[in-house]
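Produce the complete structure using the sequences and hints provided.
Chains as they are written, first to last, in the numbering used here: chain H, 1 to 325; chain U, 1001 to 1250.
Simulated from the structure, these hints should not be mistaken for laboratory data. Take these hints with a grain of salt, some might be off.
What the hints assert, rightly or not - One side of the interface only, derived from the structure: several residues of chain U facing chain H at Cβ under 8 Å: (1) Lys1081; (2) Arg1086; (3) Gln1089.
Yeah, the Cβ is synthetic: ideal placement off N, Cα and C, and Gly gets one too.
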Amino acid sequence: MRAYLKPALLLVGLAALIVAPLGQGNYVIYLLSSWLIFSIAAMGLNLTLGYAGQISLAQASFMAIGAYSTAILTLAGWPWVVGMLLGVVLCLVVGLLLGFPALRVKGHFLAFVTLAFNSLVFLVSRNEEWLTGGIYGLSGMPRPSVLGFAMTKNLPFYYFTLFVFVVFCGLFYGIVRSPWGRAFKALRENPIRAESLGIDTRRLTLMAFAIGSACGGLAGALVTPLVQYIDPTSFALGHSLRILLMVVVGGAGYFFGPILGAAVVILMPEFLRFTEGYYLMIYAVLVIVLMIYCPSGLIGLGRKLRDLVRRKPVDRGDLKAGAQL
Amino acid sequence: MSAASPVLSVRDLSKTFGAIKAVDGVSFDVRPGEILGLIGPNGSGKSTLFNCILGQLKPDTGHVEVNGRDVSGRRACDLNKLGVGRTFQQLSVFPQMTVLDNIIVAGQEHRGTMLGRLFGAPDAGLAGEADRMIDFFRLTHLRDQMAGSLSYGQQKLVDAAMAFMAGPSLVLLDEPAGGVNLTMLAGLKERLSTYNREHGTTFVVIEHNMEFVMSLCSRIIVLAEGRVIAEGGPEEIRSNQTVIDAYLGG
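Structure follows, in structure tokens:
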């Protein structure tokens, strides 16, 4: 019975995502699309930070690279998929390069390196007007067409985003379930031990940055046709911190953590709007309380509650069977 | 390479930290299938010597050969690929992974290429082998528990099992008995002896527990102030006056 529970829950979740925008206005559909896109970006950061333990404050800058690549190419008449692929590959390469400092510096110092990179991308997108449109940004990017069917309206574009999201989740699950996922966790928990077990921690650190950044690039490539207008402020440091918040609030190192976190960061403020001027304050207090009482995020909170209900006995072998050795 | 060639050969190894000579011109060989003990008072340079051999520290002088191949300055992950396993003085399991995952991760890098592992089976085809290793160390009842939730002694066993998972020809054990209770210690010694007998794996063991070393090892090297001061069988070492003086500060 339990073996069917997870696939059944996944199907229910997918069905909910399919019916959620039906009968809704443009703003709600935009929010749902936005949630899916930021989930992709946050899942990428989750790989770098949650699974591999490498701090990064630059995820928004990879969204910028993906978004600008897609915008520039689609405005030049190329199909969206070409822009997206270029953006993802570019982010993969740049992410790999950004990983090199992580081989030398850790923790707060690495955070500052990635923060500086975020600022660098922001400055390039603001100052290189010939390429990025400068402070005026780029606008009028067309939405993609699939099999000749244009996604110009919001609902079809939502389903297009959902399709990309589902395919992405499948690929991402494949990575974290593979031996790579186990090696990423080993790198996070004890890099010296991991290295002694034959894991090439340098190469793995670079891969964690490269793959996480490529996910940011994919999210950026989806932002471009969603909003059809991008400017440097859309990818400033504040957005990297927002993506970090999604990972931490949802639960770093858990597959569904960033998806839940993105829902909290993007959708919850909307639910709190009835409180009018207080909604941001209430939202901030809720996040602070969650972080104090459950630093492992919403998934960690769920597991704590589950353990409370089930009260699974812990086998302390030192008290019984362990000493039989 | 002939059958009698050493598995590990250390030649004139030195390591200095500022004004302190932690390891001072140490040389020794370890023969195939041998269990060599490395003992000495605290600060005698045992762990530094281990770390220099295993690529965790870069020695100032000297070189290290494993199975006739010069591995001086090689990274720890390369040494593991060449058949060298190790345990650490401190607990070195991955606490937020199950015991099974700890054991699998210890062997998976020896399966296929890095890219192949991305698209391969989640367990890298090692689940059966990992179960046998878990069984061998009598950890079966803890297989699916998080390693971090185990007792200190149990984590030490997981740590040891990890060192053997890749089928190494040489294993360096850094204080395997530290913090392990007496009953568990007897079991650990018996497991190590059995593994050595069945697989012919060579061990180098750093240990402060004299009873453990004397009963497990066939040959012992004594270090003091970074230098080898004595070498021989357990009985010989037990009665060596230089060794007694080094331990008593004489």
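Here's how the hints hold up against the structure:
1. Lys1081: holds (5 Å)
2. Arg1086: holds (5 Å)
3. Gln1089: violated (12 Å)
When each numbered hint is compared with the structure, a violation occurs for hint 3 only.
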